[in-house]
Every structure is written in C-alpha cells, then in structure tokens.
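The task is simple: from the sequences and hints, build the whole structure.
These protein sequence lines map, in sequence, to chains A and B. Take 1 as the starting number for the first sequence in this note's numbering and just add one per residue. Take 1001 as the starting number for the second sequence in this note's numbering and just add one per residue.
If you are wondering where the hints come from, they were derived from the structure by calculation, not from laboratory data. The reader is advised that the hints may include incorrect statements.
Claimed, not checked - Cut-off 25 Å, straight-line C-alpha distance, at most; resulting in silico cross-link-like pairs (SDA-like, lysine to any residue):
(1) Lys415/A <-> Ile1027/B
(2) Lys318/A <-> Ile1007/B
(3) Lys1006/B <-> Gln259/A
(4) Lys456/A <-> Asp1209/B
(5) Lys415/A <-> Cys221/A
(6) Lys79/A <-> Phe132/A
(7) Lys1083/B <-> Glu308/A
(8) Lys375/A <-> Phe413/A
(9) Lys314/A <-> Met1001/B
(10) Lys1125/B <-> Lys1220/B
(11) Lys224/A <-> Gln10/A
(12) Lys412/A <-> Gly1026/B
(13) Lys415/A <-> Tyr378/A
(14) Lys375/A <-> Asn68/A
(15) Lys456/A <-> Arg95/A
(16) Lys1125/B <-> Asp255/A
(17) Lys1083/B <-> Ser299/A
(18) Lys318/A <-> Asp411/A
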Amino acid sequence: MNYIEVNNNQRISVFSIPVLEYDIFADVIANFLTKDIKYHCVNYFGFPEKGNVKLICCIADDSKHSINVLSSIVNSNDKLQSITTKHFALHIFEREIHENFGIDFIGHPWQKPVRYPFNRADKNNIIANYPFYKIESEELHEVGVGPIHAGVIEPGHFRFICNGEQILHLEIQLGYQHRGIEQLFLEKKNLLQRTTLAENIAGDTVVGHTVAFAQAWESLCDFKPSEALQFERVLALEHERIAIHTGDLSAICTDIAYQLGSSVFGRLRTPIINYFQQWCGNRLAKSLIRAGKTNFPFSEQLAEKWFEVINAYKPDFKEMSSEIFDMPSVLARLEKTGTVSTETATSIGTVGMTARASNLNRDIRFSHPAGFYQKLNYQPILGKTGDVHARAKLRMGEINASIELITKMLDKFPKHDIKENVMESPLADSFVVSLVEGWRGEICHCAITDENGELKMYKIKDPSLHNWLALALSVRNNEISDFPICNKSFNLSYCGNDL
Amino acid sequence: MINNLKILYHQGKQYIPDVTTVDVPGIFRGRPIISKTVVDENKLINVCPTGAIGANPVSIDLGKCTFCGECTFAFPEKISFTKDYKISANSRTDLIIKEGEESQILLNPEQIRTEIYNFFSGSLKLRQVSAGGDNSCEWELNAAGNVNFDMGRFGIEFVASPRHADGIVITGPISENMAEPLQICYDAVPDPKIIILAGTDAISGGIFDGSQALNREFLKKYHIDLYVSGNPVHPLTFINGVLSLIRTKK
Chain A
1 MNYIEVNNNQ RISVFSIPVL EYDIFADVIA NFLTKDIKYH CVNYFGFPEK GNVKLICCIA
61 DDSKHSINVL SSIVNSNDKL QSITTKHFAL HIFEREIHEN FGIDFIGHPW QKPVRYPFNR
121 ADKNNIIANY PFYKIESEEL HEVGVGPIHA GVIEPGHFRF ICNGEQILHL EIQLGYQHRG
181 IEQLFLEKKN LLQRTTLAEN IAGDTVVGHT VAFAQAWESL CDFKPSEALQ FERVLALEHE
241 RIAIHTGDLS AICTDIAYQL GSSVFGRLRT PIINYFQQWC GNRLAKSLIR AGKTNFPFSE
301 QLAEKWFEVI NAYKPDFKEM SSEIFDMPSV LARLEKTGTV STETATSIGT VGMTARASNL
361 NRDIRFSHPA GFYQKLNYQP ILGKTGDVHA RAKLRMGEIN ASIELITKML DKFPKHDIKE
421 NVMESPLADS FVVSLVEGWR GEICHCAITD ENGELKMYKI KDPSLHNWLA LALSVRNNEI
481 SDFPICNKSF NLSYCGNDL
Chain B
1001 MINNLKILYH QGKQYIPDVT TVDVPGIFRG RPIISKTVVD ENKLINVCPT GAIGANPVSI
1061 DLGKCTFCGE CTFAFPEKIS FTKDYKISAN SRTDLIIKEG EESQILLNPE QIRTEIYNFF
1121 SGSLKLRQVS AGGDNSCEWE LNAAGNVNFD MGRFGIEFVA SPRHADGIVI TGPISENMAE
1181 PLQICYDAVP DPKIIILAGT DAISGGIFDG SQALNREFLK KYHIDLYVSG NPVHPLTFIN
1241 GVLSLIRTKK
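Set out below in structure tokens:
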C-alpha cells in the first residue's frame, strides 16, 4: 500500500505511515485529487527529521469518511516536481513548505511567502519586500490597503490592480499576525499552556480550535471522552456558529450602509455570546473546552437558560432576516457581487461555508463526523450562486439549522458520571489527524509524538488558509467599492493563517 | 418602510442605561480576591499557564492572567474571582493583586498627564492597532461601540485614520511583523496622544511571552497611559477604564 487509511481522531503509530519516494508520493496524491471530487487535501506539511524534511500529506475521502495518509523524506536543497501543476488546491501547502524549508517546487506558478515565520528558510526575505504581481500599463493603477485597516480588525495587506473603478486583480499578503504558535506548542510543556495556545489560535473560533486540539490530544493519550464531554463540545461548536454568523450578518449590513440591520443583528449577538459567559465565564468561550475533562459541566439549568435565550432571539432574528432578504436595495448590493463559481471553488480547494455557498459540499460534520456528531446525521445546507448573497443566506440557514440541532440535542442529553476516566500522558511515536467543522469550515490539527511521548510536531490548519484565494478571485471585475462587502461575506481569519 | 418601523418598535430600548454600575450576567471572572488561607504555594504557582501567580505574598498579576479560572478550581479556598469588571490601571504594578487585598482597582490620578483631561475628557478618538491579536479583543472593542454598550455616547470612538486619532489602542502580543507598521501608525498620530494596552496579550505577551516571533521594543520607548486587563477585555472593562482615564481631574 502507498498510504494508510485512518479515521478522524484515530491514533496510529507514526511508523505505519508509508514512506515513499517523492515521485511516487506526488503521483499518488495527484491521482487521488484528480480522480474524484470526493477527495480533498486536508493537510500537507513538512517538518525537520534527522537533517532531512519529512513530508506528510493527508487526503480526505468524503464518501468513506476516512483520511489517507502518506509521507516522503526529502532534503531542503531538493528541487521537486510541483503537484500544484496537476491540482491547483495544493498551491498554498507547497508555498508553505517552500517558505519553511527552502525546497523548490518546479513548475509551481506562484512560490511566494505565506506568512514570514520567524524560523523561515530565507531570513533575507522580509515582509516589507513582498514580491507583488505587477502589470505595466498607463491605463491601470494600483491601490494598496493595509496592513492596518480602517476598522477594528486584524492586519493584512491588500494590493489591487484596477482599471478605473473595476478590480482586475487582487493580491492578499499576510503574515503580520505571526506569533510562532506551532513552535510554542512544542516549547510550552504543560497541557493547560497548550490548551490556552489552542484557544488563542483564532479568538473568534475558540471552540473550534480548542475542540480540535482536545480531540487530538485525547487520541494521543488513548483517552475516550465521555458522552457528556462529546455532547458539550458539539453544543458549544453549534452555539459558536450561531454567535459568529449573527455578527457577520450585522457586519454585512454595515458595509451596505443598512443601519437597522447592522444594529439589530449586532445586538442579537449579545445575548448569544453572553450565554457562553453564563456557561463558562467568558463571552468567547475561552476556558470552556479542556482535554480530558471540563470545569463547567452542562446542566438542566443551563439547558433552560439556553431555551430562554433562543426563544427571545428567534422572533427578532426571523423578522430582521426576512426583511434583509426581501428588500430590493439590499438584494441589489448582495446579488451577483463577489461570485465564486463551483468550478473555481473546487479547483482552489475551498472548504466550509465558502465552499458550501458555491454549491461544493464540504462539511466535516457530514463527511468525517467525530464524537457526538456521529449520532446527529447532519445534512449540510448548500447555496447555488456563490455570491455575497449566497454566503449571507447560507449564514441565515445555518443559524436556523444549528438552533434546530441544539434543540434536538437538548431533548435528552447525557450527564457526567461521578467517576469518569482519567487521562494519562500521550503515547510514544504516535500520529493523529483531528478534523472539526468550525463556523468558518474545516479545522485540521495534526500531531506527532517522539519515542518518549513528547510532542515532536504540531501542525495547525485554519480553513482560511484555503479560502483567502477565493476572496482574491471573487472580487475580479467587481467595483473596488464592493470589496469591503465581499471581504465581510467571507470573514476569513488573519491569525488563523499566520499562526 | 413600515416593516423597518415595526422592527424598530419590536427592538425597543437596547442600550445599557448605566455602564458604570450594571451587573454582568453569569459567572464573569473579574478582579480576584486572594484569602490568607495557607496552601501549598509551589503547587498554586505551577497551576497558572502564564506565570501570573507570585509568592511572598501570594499575588495575581492581572496583566498576565488569562482568567481561565484553573487556580480557583485547584484552590477554591485561596482564590476567588469577583464579578468586578473594573480591572484597568494606569500603573503596571497596580494590576498585581496581593493576598488580603479586597479594594477596587483605581487609577492613580498623580500619573495621569494633565493634557488628557484638558483635551480628551469630552471626546476621545482612538486608532486601534491589532499587533498579533487573536481577534477576540478586537471583537470586544467593536462590541463596546454597538447599540448595547454604546461607547459613542461618551464621545469615545474608533476612527479609521491615525491622523484623526488622539491615541492608539494596542491588542495582541506585538508580532515582529507588525512592529514597524505599529511604529508608523503611532508616529502618524498628532500630539498630545495616548497609548492604551488592551488585553493580557498586549500587556505582557500572555501565553505568547517568550515567543521568538514577537518584538515588544515599542513598549519600552513610551509611557503607557492605560492597561486594560482581560482575555479578551470585556467591553465594560474597556469603557470604564477609558472613562476614568479621561475624566479624572488632578
């Protein structure tokens, strides 16, 4: 076999991952990805091992609910045939490997820096000298935005090439948020420190990333979380989805200058995130998710409280959302703006909400359900048009679906036993892939332990890594004044990309 | 139009009438109280993921604390968190809460520059710089301006250009890659100007302290006017902190 088939959160021995010659490795990956749409790459990364670079690629099989893992050992001076030439979605992973280790990928169309990490291969490359794409013409002009943006948001640089008011090309340069988080996962030795790091990967996806970490860690320790723990995580994930989607609808209204929508959705988010505070003492759910335990067990009172909050939310949300999707002046701004076709969404490997709005069915809750999701049989909602309208409407649909899902779950929910299993330390020489559908999309954490059970490698992938290119392509031939609303409709993570 | 009016009517009044006295719902972890109970101090210190707990006397540094609450679960008889969200200070050491201290954290009027009251007490425009922030503090700063918290009623607002600002609010541990943009932004703000650090990451680096990807040189060069604790900062903490900074008359 050229690969090993694993399930989401299944611990395997690191030695059981087949090590292939790079050419075969590249062929196997390309064959999967070009054969069927059910395959997509959830993570592809390198890490240093005995003076070489070990490459590990994880290809998800959406219909078999499994992940195919394969590896290769190469040298940082190597020049390797790029797989991007056969399947474009790998472009970002090869860029990252090139930036981290200096490996050259022959035929890669765009081997540019991803995030300027402190431990990059070429320290002479600095963020101020990013090689932007240029078109020489007297007809065209460039517009540079950022790194610091007009609003209270994270930094990143956008470089537009415009023909009059029309955008011809947009290039997005990130890296300003790089905090060296993957390295810190190895340096900070205690579990609470690592959990805190996971909570800080992206502060708007605290539950998503911390659940991914907790599940990866528990698998490494061969610990099976109780049903009550699994239930709480799914509840928190879906509640986080309601909160952020509501806030995003507010932000979309702000950017089309629809003040009422902006205020109403903005204030509707308040009781939703305050619910997290009532549950765990933090409005963004920091401190709620812990590997192997919980400090805040769910209770009947919390269930009652949830219904109270949601019953107050529902009529107001329904009234406001039917209004925005019925108002000609709103629809005129949302429809046919920032379109990503299904074809583009597939070829660049988008995931999560962005993919689903373009009618591409990528949803880990459906394709690789873990824990309590296995009981729920969630059916993803798909959009058709791939424009801002589709992404806004998908949010409305997903808010309603999440409310329905939690309502169903609360009908009869598992309680904590007085005596639950105690988690031991991670086992030696293990490998695990942990996939979680956060509100943005597919979060993937991979971990490897050494012969003493110490973390040797921790790799984080936020869905934004795939989806930033979708934003760049969606604005082509749009008016530059529509950029903010396109951007909000994706609401991608800067720190999730920069790590 | 009729529908819009209906929505307005159904929404009613959403603003918090008095943001200085309102009670926060649930189990908010604000200013901690450390009892005089004797516990295994080494064990207590080792619980904390960011080294915020000190010994002799036992103390918690709110500039380092992530408010995760693990210390109260391990030593409930020693440490408890109150719901007091007024946890800002204008002197770094005032954020360190010691054993037996139960008083509110107040700004030290001696350290507030005179021009702050003279220029900014009625109107303060701020430029926010996220320098490696994880988007949680940024979220809460945005929330401070929403219809519930409505910071704008005090004349406090975030603006797009540093040229229009009276100061900067930094979030995040300050990444190396943001060090230069931060400096450029600060230089572009006209005098007199203030600096506010919002959130644990900005004040001490938080869980990122010691990362090689940070560059916190900027903070060594200037006087910090306000430290706002939190992970992330609560909108009420931010609004109350800024209000006491601009409204305290020497």
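Here is what the structure says about each hint:
no.: 1; hint: Lys415/A <-> Ile1027/B; in the structure: holds, 21 Å
no.: 2; hint: Lys318/A <-> Ile1007/B; in the structure: holds, 11 Å
no.: 3; hint: Lys1006/B <-> Gln259/A; in the structure: holds, 15 Å
no.: 4; hint: Lys456/A <-> Asp1209/B; in the structure: holds, 21 Å
no.: 5; hint: Lys415/A <-> Cys221/A; in the structure: holds, 23 Å
no.: 6; hint: Lys79/A <-> Phe132/A; in the structure: holds, 24 Å
no.: 7; hint: Lys1083/B <-> Glu308/A; in the structure: holds, 23 Å
no.: 8; hint: Lys375/A <-> Phe413/A; in the structure: holds, 12 Å
no.: 9; hint: Lys314/A <-> Met1001/B; in the structure: holds, 22 Å
no.: 10; hint: Lys1125/B <-> Lys1220/B; in the structure: holds, 24 Å
no.: 11; hint: Lys224/A <-> Gln10/A; in the structure: holds, 11 Å
no.: 12; hint: Lys412/A <-> Gly1026/B; in the structure: holds, 24 Å
no.: 13; hint: Lys415/A <-> Tyr378/A; in the structure: holds, 22 Å
no.: 14; hint: Lys375/A <-> Asn68/A; in the structure: holds, 24 Å
no.: 15; hint: Lys456/A <-> Arg95/A; in the structure: holds, 22 Å
no.: 16; hint: Lys1125/B <-> Asp255/A; in the structure: holds, 21 Å
no.: 17; hint: Lys1083/B <-> Ser299/A; in the structure: holds, 22 Å
no.: 18; hint: Lys318/A <-> Asp411/A; in the structure: holds, 23 Å
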